[in-house]
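**Q** With chain C's structure known, arrange chain U on it following the hints.
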Amino acid sequence: MTDGIRSGQAYRTTLSAMMTSLALIFSYVEMLMPLNLGIPGIKLGLANLVVLMAIYRLGGGYGFAIDLARIFLSALLFGNVSAMLYSLAGGILSFAVMYLLYRTKLFSPIGVSLAGGVTHNIGQLTVAALVTETGKIFIYLPVLMTAGFVTGAILGVLAALIMKRMKWITAGSGDGTR
Amino acid sequence: MKGILRKADIVLAFFLVLMCGAACVFAYGAGESGNTAVIRIDGKIYGTYDLSEEREIDIHSVFGHNRLVIENGKIRMVEADCPDGYCKDQYASLGGIDSSEQMIVCLPHRLVVTVSNEENRDEKDVPDAVSGQVYTSDGGDGDD
Numbered sequence: 168m169t170d171g172i173r174s175g176q177a178y179r180t181t182l183s184a185m186m187t188s189l190a191l192i193f194s195y196v197e198m199l200m201p202l203n204l205g206i207p208g209i210k211l212g213l214a215n216l217v218v219l220m221a222i223y224r225l226g227g228g229y230g231f232a233i234d235l236a237r238i239f240l241s242a243l244l245f246g247n248v249s250a251m252l253y254s255l256a257g258g259i260l261s262f263a264v265m266y267l268l269y270r271t272k273l274f275s276p277i278g279v280s281l282a283g284g285v286t287h288n289i290g291q292l293t294v295a296a297l298v299t300e301t302g303k304i305f306i307y308l309p310v311l312m313t314a315g316f317v318t319g320a321i322l323g324v325l326a327a328l329i330m331k332r333m334k335w336i337t338a339g340s341g342d343g344t345r
Numbered sequence: 414m415k416g417i418l419r420k421a422d423i424v425l426a427f428f429l430v431l432m433c434g435a436a437c438v439f440a441y442g443a444g445e446s447g448n449t450a451v452i453r454i455d456g457k458i459y460g461t462y463d464l465s466e467e468r469e470i471d472i473h474s475v476f477g478h479n480r481l482v483i484e485n486g487k488i489r490m491v492e493a494d495c496p497d498g499y500c501k502d503q504y505a506s507l508g509g510i511d512s513s514e515q516m517i518v519c520l521p522h523r524l525v526v527t528v529s530n531e532e533n534r535d536e537k538d539v540p541d542a543v544s545g546q547v548y549t550s551d552g553g554d555g556d557d
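Line by line, the protein sequences are chains C and U.
Going by our numbering, the first sequence opens with residue 168, and the numbers climb by one from there.
Going by our numbering, the second sequence opens with residue 414, and the numbers climb by one from there.
The hints are simulated quantities; they were obtained by calculation from the structure and are not laboratory data.
Fair warning: there could be bad hints in the mix.
[Stated by the list, open to error] Derived list of chain U stretches under chain C, where covered just means 3 residues or more per stretch with a C-beta under 8 Å from a C-beta of chain C:
#, segment
1, 427-437
2, 465-471
[As the list claims (entries may be wrong)] Far from chain U, some chain C residues (derived; all Cβ distances over 12 Å):
#, residue
3, GLY226
4, PHE239
5, PHE245
6, LEU273
From the three backbone atoms N, C-alpha and C, an ideal C-beta is built for every residue, glycine too.
Same shape as in the complex, but just chain C (with noise of 0.2 Å):
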């Protein structure tokens, strides 16, 4: 393994444009074939799933980064500019609790990947109710909590498989997958 290569800025930078083409990709799929639970609004958030990986294999700055070029890309590339403050409050809000507990290091993928999943759907509600002015859409947190959990466990479970099999995805920074 050429590991000089492997922490060099260059090979970073390609990385997480790979990785953040990747989310783009994953929000596309995912508005063309929206999963449909029959509760409007919920969606498994593949994209997280590179963002969550990317907080391990690249650091959090990086994954930062793909988190907000990938909700501004996904919002001009495919139309949904009015939706984005929903979704640059979840992503941002969500963002924040996944690297805060990874960096205790305490937390596997899933973990991570489960908080990161319900603070989404909340920073998203916290939106709406804001935007609507109206305390009463909270009604919906309930729901949204657990589709949160469910979605985020389903990536979780996804993001530490994947790592565990693709270990030669790194950059030196993070600690890698157990």
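**A** Frame of chain C, contents of chain U only:
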């Protein structure tokens, strides 16, 4: 999976489930029953209806057609020509809504039904119009 999940994950999951439970109590336990249904279309009040009065409400708006029924002190959606028809399922199994934390939403038609309490309404002669009857609204005595 083996060797991935850690003890802290389980503690976290447990904590999140507790949070969700608390959210449930907060969201579903805080409502109070009301006597008036408020129908809004596109954010503007379309009409308010007394829940103690059994009636049908036909709505033809620019967004489409909806029919609501007030029965047993509750209001529910019985007809809608929106593409998905989710609104007809909302609280249908409970016979409708009669509490301030519940609402029926027909998103394609921008129609929202909520329940509120009109203070200045004198209805002391019908004390039980909005209580009970959730599971026994029809055929409570049926022993067949």
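**Q** Taking the numbered hints from earlier one at a time, note which ones the structure violates and give those numbers from smallest to largest.
**A** 2, 6
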